[in-house]
Amino acid sequence: MAQSNSKKLDAITSMDEDFAKWYTDIVKKAELIEYSSVKGCMVIRPYGYAIWENIQNIMNTMFKETGHENVYMPMFIPESLLQKEKDHVEGFAPEVAWVTHGGSEKLEERLCVRPTSETLFCEHYKNIVHSYRDLPKLYNQWCSVVRWEKTTRPFLRSREFLWQEGHTIHATAQDAIEETERMLNVYALFCEKYLAMPVIKGMKTESDKFAGAVSTYCIEALMHDGKALQAGTSHYFGDGFAKAFEIEFADKDNKLKNPHQTSWGVSTRLIGGIIMTHGDNNGLVLPPAVAPTQVVIIPIAQHKEGVLEKANEIYEALKVLGVRVKVDDRNEFSPGWKFSEYEMKGVPVRIEIGPKDIENNQCVIATRYNGEKQFVSLDDMLDTVKDLLENKIPQGMFDKALENREKHTYYCESFDEINKALEENGDGFVRAPWCGSEECEDKVKEATGISSRCIPFMQDKMARKCVCCGKDTDKVIYWGKAY
RNA sequence: CGAGGUGUGGCUCAGUUUGGUAGAGCGCUACGUUCGGGACGUAGAAGCCGCAGGUUCGAAUCCUGUCACCUCGACCA
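Just add 9 to wherever you are in the first sequence, counting from 1, and you've got the working numbering.
A couple of the hints might just be wrong.
[To be verified] Calculated pairs, DSS-like style, for lysine-lysine (alpha carbon to alpha carbon, straight line, at most 30 Å): (1) LYS135 / LYS95; (2) LYS146 / LYS266; (3) LYS210 / LYS409; (4) LYS202 / LYS48; (5) LYS382 / LYS37; (6) LYS319 / LYS409; (7) LYS365 / LYS347; (8) LYS484 / LYS218; (9) LYS115 / LYS95; (10) LYS395 / LYS319; (11) LYS93 / LYS202; (12) LYS73 / LYS266; (13) LYS146 / LYS202; (14) LYS146 / LYS159; (15) LYS252 / LYS135; (16) LYS236 / LYS452; (17) LYS218 / LYS146; (18) LYS264 / LYS146; (19) LYS313 / LYS328; (20) LYS95 / LYS73.
[As the list claims (entries may be wrong)] Simulated restraints on C-beta separations: (21) GLU341 / LYS454: 49 to 59 Å; (22) ALA326 / GLU74: 28 to 38 Å; (23) PRO344 / PHE466: 46 to 56 Å.
Quick caveat, the hints were computed from the structure, so don't treat them as lab data.
Virtual Cβ for every residue (Gly too), placed ideally from N, Cα, C.
All chains should be built: construct the whole structure from the sequences, respecting the hints.
Written as structure tokens, this is what we have:
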């Protein structure tokens with residue numbers, strides 16, 4: 010049997026000193042991805058993909074509750090189809106990849122590799138929607154899309170990325186708007202409850218909304234380096250697409266009408282968000298709900314009598330409870346090495362069990378996000394672990410992330426205040442009054458380097474003056490540097 | 001796509017200024033001793049120095065070209 014264990018892990022770059030390096034380090038060293046020989050694309054490794062699968066499972070459950078069905082559309086879009094909605098094609102044309110040949114023959118009409126699937130869903134709706142009785146249709150698709158990005162970053166921006174895109178069609182504007190809001194709330198709930206990631210709910214400004222949308226709703230999260238991450242978007246399309254694609258239905262009043270549509274999506278970018286919201290200098294910190302392994306059991310001095318047996322007993326007991334648990338009984342690694350390994354990979358709970366514990370009918374339970382270790386009687390072990398995974402850890406991680414966001418959110422009423430706040434406290438969210446004009450939006454960006462992130466739904470409606478032009482307004486919006 | 005930077009065993013890098021034929025640490029393989037926070041000893045394997053040309057008796061090192069990656073900007077989930 011192999012017994013050499015002079016195996017060291019590479020240290021992770023300090024997050025405080027060089028955040029960008031820390032990030033690229035961690036996605037590789039925690040074995041989430043590998044860089045691909047296909048430029049700008051990533052190979053998602055089993056550990057990284059398992060996180061995505063957990064996200065998918067939770068979301069599918071939520072989508073079922075809201076009445077959505079999963080479907081699949083083709084990955085190629087004929088150019089003529091993409092061209093139908095003018096704003097949409099203008100927004101996406103600069104970054105689509107084109108298929109021009111089939112085998113050795115040139116195609117009569119080139120095909121774009123889907124950057125998003127609105128147009129395909131529209132074509133489908135045209136075929137199946139004829140009566141108000143056919144509405145609404147509530148669809149979702151899990152797939153990958155391609156956008157030919159110039160600069161790329163694993164999970165945050167790659168040329169091909171995995172996502173879900175929901176597409177719905179409704180009889181009335183009101184129904185569609187309610188759907189847009191409902192799904193934004195689903196996203197917000199998902200982020201806060203399962204990813205322990207606090208988000209700001211709001212709307213994008215006119216200049217920032219999705220190509221072809223009437224309005225774009227969004228959730229924005231603040232990362233550890235003070236940059237903002239758009240974690241999810243939900244769009245209300247009005248009947249613009251329906252008109253462009255000639256989708257009509259006969260309503261109750263026997264008149265032909267255009268239905269109203271929505272779409273909404275989140276991507277593997279969420280994994281980037283998890284890394285940058287919760288990670289620390291020891292590596293990744295995963296929320297229990299999406300962690301591939303929730304509990305790792307490390308036997309100490311496992312060659313001694315009874316240790317492995319006890320470790321396996323604990324394993325079985327947790328397994329029965331439905332916990333994703335594993336025992337690391339590899340003999341070639343020392344316990345200290347294993348501690349570091351699972352810290353790097355962000356496993357939420359570690360249980361240590363050794364001869365001394367067995368003597369005292371106890372074990373050591375360590376929690377990843379705050380580094381705390383506690384001795385727990387084996388009689389209380391199950392309850393303690395369950396409580397940690399379901400309540401204490403998600404809540405603790407959420408509170409910690411929220412505290413960080415509050416610490417890096419600055420209310421400002423002038424350019425000077427903005428620049429001063431950013432300089433003294435580092436990057437973060439800036440809350441500032443805004444009159445609503447695009448001109449002021451641009452000027453803020455020019456003068457301070459931050460751009461509008463979202464117009465939050467939470468407003469106190471107090472009388473204020475626009476941070477740029479000084480006009481009266483009661484609206485405060487969030488600004489920041491974006492990923 | 002603009003501006004900078006980096007390419008040397010699996011990883012992190014030294015060596016490049018001043019050309020002389022490949023180094024370190026970690027990892028990897030085998031055996032033994034270990035095991036409560038990244039264990040130790042002994043022995044061993046592994047690199048046509050990103051790629052292509054050129055200069056030279058001789059190139060990781062100098063010249064030209066090219067590709068890839070990273071950071072910062074502009075653009076986007």
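To see whether the hints hold, each was checked on the structure:
1. LYS135 / LYS95: The given pair, whose Cα atoms are some 18 Å apart, holds under the 30 Å limit.
2. LYS146 / LYS266: 16 Å, holds
3. LYS210 / LYS409: 19 Å, holds
4. LYS202 / LYS48: Judged against 30 Å, a Cα distance of about 35 Å means the pair is violated.
5. LYS382 / LYS37: 27 Å, holds
6. LYS319 / LYS409: 34 Å, violated
7. LYS365 / LYS347: Answer holds: LYS365 to LYS347 is near 19 Å, not above 30 Å.
8. LYS484 / LYS218: 18 Å, holds
9. LYS115 / LYS95: Within the cut-off at roughly 26 Å; holds.
10. LYS395 / LYS319: The given pair, whose Cα atoms are some 19 Å apart, holds under the 30 Å limit.
11. LYS93 / LYS202: Roughly 39 Å between the alpha carbons, so the hint for LYS93 and LYS202 is violated.
12. LYS73 / LYS266: 28 Å, holds
13. LYS146 / LYS202: At roughly 28 Å apart (the allowed maximum being 30 Å), LYS202 and LYS146 satisfy the hint.
14. LYS146 / LYS159: Between LYS146 and LYS159 the Cα gap is close to 36 Å, so the pair fails against 30 Å, i.e. violated.
15. LYS252 / LYS135: 11 Å, holds
16. LYS236 / LYS452: The given pair, whose Cα atoms are some 20 Å apart, holds under the 30 Å limit.
17. LYS218 / LYS146: 24 Å, holds
18. LYS264 / LYS146: The hint holds at about 20 Å.
19. LYS313 / LYS328: Holds: LYS313 and LYS328 sit about 24 Å apart, inside 30 Å.
20. LYS95 / LYS73: 33 Å, violated
21. GLU341 / LYS454: 49 to 59 Å: 55 Å, holds
22. ALA326 / GLU74: 28 to 38 Å: 31 Å, holds
23. PRO344 / PHE466: 46 to 56 Å: 49 Å, holds
When each numbered hint is compared with the structure, violations occur for hints 4, 6, 11, 14 and 20.
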